[in-house]
Amino acid sequence: MAFALVAAPAAASSISSGGPWLQFQGDAGRTGFSPQAPAPPYTLAWEAATGLGDATHVSGLPVPVLTDTLAIVVGREEVTAVQIGDGSAAWTLPRALGPSSPPAVTDDELLYLEGGGDESASASATPSASTGPSATPSTSASRSASASSSAAAESPTTTTSTLVAIDLATRKRLWTMPLSDVSHTGVLVTGDLAIVGADDGTITAASTRTGEQVWSVDVGDHVLPPMSATGDLVFASVRPELRQTATLVALQLNDGSQRWRYEPSGTVLDLGASTAAGDTVYVVASDSTIRAVSTADGSQRWAASLYSPTAGSPPAVSDQGVFVTDQSGTVYSFDPSTGAERWRFATNLFAVSGPIVTPDALLQPTSNGTIVAIDVASGHQIWHASASDSVVIGLAATPDLIVATRTGSSPGLVAFAPDATAATEDITSPTTADPVGLMVGWLAAAVPITVALALLGRPLYRKMGSPDLATDTDDDIVDPWESDPEDEA
Amino acid sequence: MSNGKKRKKRPAGTASTYRAPAKNAAPPRRGLLDGILAPRTPGASPMPRLRSSLARGAATVLAIPWLLLGIPVTMLVVWSLLVTLGFQGPFTMMGVTFAIPPLTTFTDAQLAGKTFRATVGATGFASAGPGLLGISSLLLFHAAAGAVVATVSVEKLRTGSVSMWAIRRASHVVRTTAVVGFISLGLLIAGNVLAAFLGGIGLIFGLIGSMVVGVYLFGFAPAIAADEERRISDTILRSVRVARMPGSANLWLAVGYVLVALVALIAPLPGASVGVTPTITAWAVAIVVNVMNVIVQSTLVYRYLAVAPSVSDQPVPRKARASRR
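Residue numbers (the working numbering), protein chains in the order written: chain A, 1 to 489; chain B, 1 to 325.
Hints are computed from structural coordinates only; laboratory data are not their basis.
Keep in mind that a hint or two might mislead.
What the hints assert, rightly or not - Stretch by stretch, here's where chain A covers chain B in the computed footprint (C-beta under 8 Å, at least three residues):
{"no.": "1", "stretch": "107-120"}
{"no.": "2", "stretch": "140-152"}
Said to hold, decoys possible - Listed next, with one range per pair, are the computed distances between beta-carbon atoms:
{"no.": "3", "chain 1": "A", "residue 1": "Glu425", "chain 2": "B", "residue 2": "Gly113", "range": "26 to 36 Å"}
{"no.": "4", "chain 1": "A", "residue 1": "Asp297", "chain 2": "B", "residue 2": "Gly124", "range": "41 to 51 Å"}
{"no.": "5", "chain 1": "B", "residue 1": "Leu133", "chain 2": "A", "residue 2": "Glu425", "range": "39 to 49 Å"}
{"no.": "6", "chain 1": "A", "residue 1": "Asp108", "chain 2": "B", "residue 2": "Leu85", "range": "52 to 62 Å"}
{"no.": "7", "chain 1": "A", "residue 1": "Pro35", "chain 2": "B", "residue 2": "Leu81", "range": "40 to 50 Å"}
{"no.": "8", "chain 1": "B", "residue 1": "Ala126", "chain 2": "A", "residue 2": "Pro448", "range": "40 to 50 Å"}
Nothing here was measured: the structure is a model prediction, and the numbers come from that model.
We treat Cβ as the ideally placed atom computed from N, Cα and C, and that holds for glycine.
This is chain B alone, in the form it adopts within the complex:
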């Protein structure tokens, strides 16, 4: 690892530190979507159980006072900026400030439509430009927030404390989280297209499905980027492989998280109406929802760190998988 932090060593005596020259056949040629569609890694999952992961995620987040303080402070700053730019609510959209994409992307599109508006009658790029600029800005903000949460969680889990390293490291991680955000935007667009074709069922399978897929497949990317020095494409493909580890219950985690977060977003909670001065209860609900978001992010970080040495760098070839059976 090149981030200067201690890295888990292979237990002494379990294997040689010598790595033989590759006698095996060259890795099979990888297909276009092999990273996603290749057979799953066989065997039982080394991933911690869901309940213990969530507990560890919560303990990690709650043990970082600066992160806890940073959540409401960031929300206040963001809300004040948005109101200055013309946004007037609903305040419940702030519940995704620290959410995992594509949940953030979903609200960014709505938020940008109400805040970054073209002049009346504009056409062409002048019409779409402000909205695109707004979505991009919000996407980058969420990327930065996600990067900070990931690096802070990694450092806390690795070393038991948090230092400025997390912030410095986040500046590297933000590239990965930004790419994940743009991929999520594409997923949402695809989900909307599906919803348009399939109607009500499409809304469920398209829109919600695209969010679940995004969280499921790319939720580990910030943790990987924070913990390891990899290319962005490798990081994302590795996230997919981690997500697809059998028996890990990652899909259930994604489904549950998306449903809970969506309910918090669209339910008539305090702050669900138009207005620029949220009530105490609206603030309280939004802060708690964001703490939940950070806990889930930290949970994903913990789950990744627990299995990091076990994740292969290449998708397991189909032949190799069959030969092990």
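Next up, chain A with everything else stripped away, as it sits in the complex:
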């Protein structure tokens, strides 16, 4: 694999700290809430091509993170940054082929995962090479002062993932930490810890400054979705092997020891990504439910049913509610304290990613390339726009922009800016009962069809006449009379 560094020198010194959307869903709790994000409607601001891959080559969760000046996304074999102001290319770093996952930004570092092989749909017939490092996790990071181009050469296509930290200003690799298995969780940064999970159930915390491993624990069978953190706890959903129940485990941030483990009642084979807000952690389950769990002791506070299963994306949480989207594209708003459903809106557009929330609207990316905005108070759709001819994978927000990653014929980033002149709408969910509309629709369809068919039927029946049921037999039929002795005589 040929690695090449494509950098825009002008961007090198423009990195600032304290960006607005520094990791997946904006913060360590994965709330997806941006209190300063602009309100809809929006208009297209810019588009930028990156190496996410088209619909058959994309894999993992390539969602954007935003600094004050850059939008960054982890693609198949590269990490790409564009200027957030106009979408122009800032720099591109090579990356060992592997599933995309959410990166994280600290004051001056970018942390991301690389390697793990090709998991895209296109790889099913041609598995990727396995030339990776040892599957044994290292207990200390390997620091590298070399330029990023040479560092990249040390990360060929692998069957395990590696946590990489680069200097955002110089793009040089600061340190790397091999993991014991492929990682899909992305990087969770809380305090000075970078925490990653691996498919083999290992969760590892490393110092963001030095890359030294702080702790590593094995929590069970598989840790796949992104993790969340609040206070002194980190939360990970653990997928079991067959015929067991999935669990949500809370680990102490300081040493990785287990604080509690929540095992949902019922038949729950898997849990999605969790969202931690205040003293509650929210998680969707494979039995089409959302559960709220106390961070203090892991007890369940409430649970609510969804109409369809979800794709496992984390709920978005703001002071106005808990928002979750199922696979069929129905968005729900729940009361955070009681779990009472406030509204639901059926977009009828398949959703593979979770929503984000602004003070005014919930924004939902969908599989047909549309982004839908729903008023958080009324539950009505107030804006929508097409961002792609395929899946919109993830969203991020700044005070000025909404940035999305997309696949399809133009994989990459697309940004929307507020535009007061753009069209808005006020659409009620199709799940809202409308008895008058129901009767009108039924009458308008049923009456003409019934009358037309009845009018057609009478002459047809007359023309065909009565069926001669007795004459439709022939002689070669076996019946009980055929061996009648009188017949034989």
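Got chain A sorted already, so can you dock chain B onto it with the hints?
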């Protein structure tokens, strides 16, 4: 026939009305699945041709205004009930309201999963109970609908008119159609197991195959139950024998019907999305699809009535079949 309706008499002079005491050897002992696996009745099929059967089925249904009106009215009532219970679509599932099992059973399982749900976290019977209750309720509803269509079709074909007898008779037929529904549920479960083992090919041969088998083998049971007074087991085995009459093209009818009905069910037709207020076009499509379902049911009724006197009550023994050759 004990239903009070006129029954086709054996043409005078063609044979004696005296039935001799059985001089033949006693019927051979029947095996467990003899009704299904015994050799087919030999000879050319007396069954009307497929095209003329469908035409007769359509003419029969379209000539019964109350049946035509009953289709959309039933759909409206069922949809309103389901929405009240929490179902929110897709409305295209209503396209099987008058379908033939296992097509109905296939959608009942999905519909029950979205409508009759256990409380969150329930375990054991509390977890499965509401779903089972829902499937059973839907299955019984479809059994009742199938019974009414069968009896109405039988009376129209036999007498040229429809009376309250059809409804009264349907209350007897519903037992048979309910059993057929439960058998279809078993077939679908078996098909799903096969699909799980065989993957994509299994999905085709397992799931679709189980539907075709169900329609093919048991599609005549409602007609038999409506026209004759038989035990349920006899009715079902007789349906199998009718289905397997050589040259009848019953298998092709089943294959074609299942494919068309499945396409109507899963295609992105109007009403294929979540929502509780179907559009005019969604209603129109669903009504037309259900009229098609009723026409196919009526077609099966006509085909059975046309061959009813020709169907043996016992599977033809293998030796007897060989001796005729």
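For each hint, the structure was consulted:
As drawn, the stretch 107-120 of chain B meets chain A at 4 residues by the rule of a beta-carbon pair under 8 Å; at three or more, the given contact holds. For the stretch 140-152 of chain B, the stated coverage by chain A is violated: 0 residues have a C-beta nearer than 8 Å to a C-beta of that chain, whereas at least 3 were required. Taken as a hint, the range 26 to 36 Å holds for the pair Glu425/A and Gly113/B, whose Cβ atoms sit roughly 33 Å apart. Look at Asp297/A against Gly124/B: about 26 Å separates their beta carbons, and that is not inside 41 to 51 Å.
The hinted range of 39 to 49 Å is satisfied by Leu133/B and Glu425/A, whose Cβ atoms lie roughly 41 Å apart. Between Asp108/A and Leu85/B the beta carbon distance is about 57 Å. The supplied range of 52 to 62 Å therefore holds. Taking 40 to 50 Å as the suggested C-beta distance range, the pair Pro35/A and Leu81/B conforms, at roughly 45 Å. As the Cβ distance of Ala126/B to Pro448/A is approximately 47 Å, the hint placing it in 40 to 50 Å holds.
In summary, the structure is inconsistent with hints 2 and 4 from the numbered list given earlier, while agreeing with the others.
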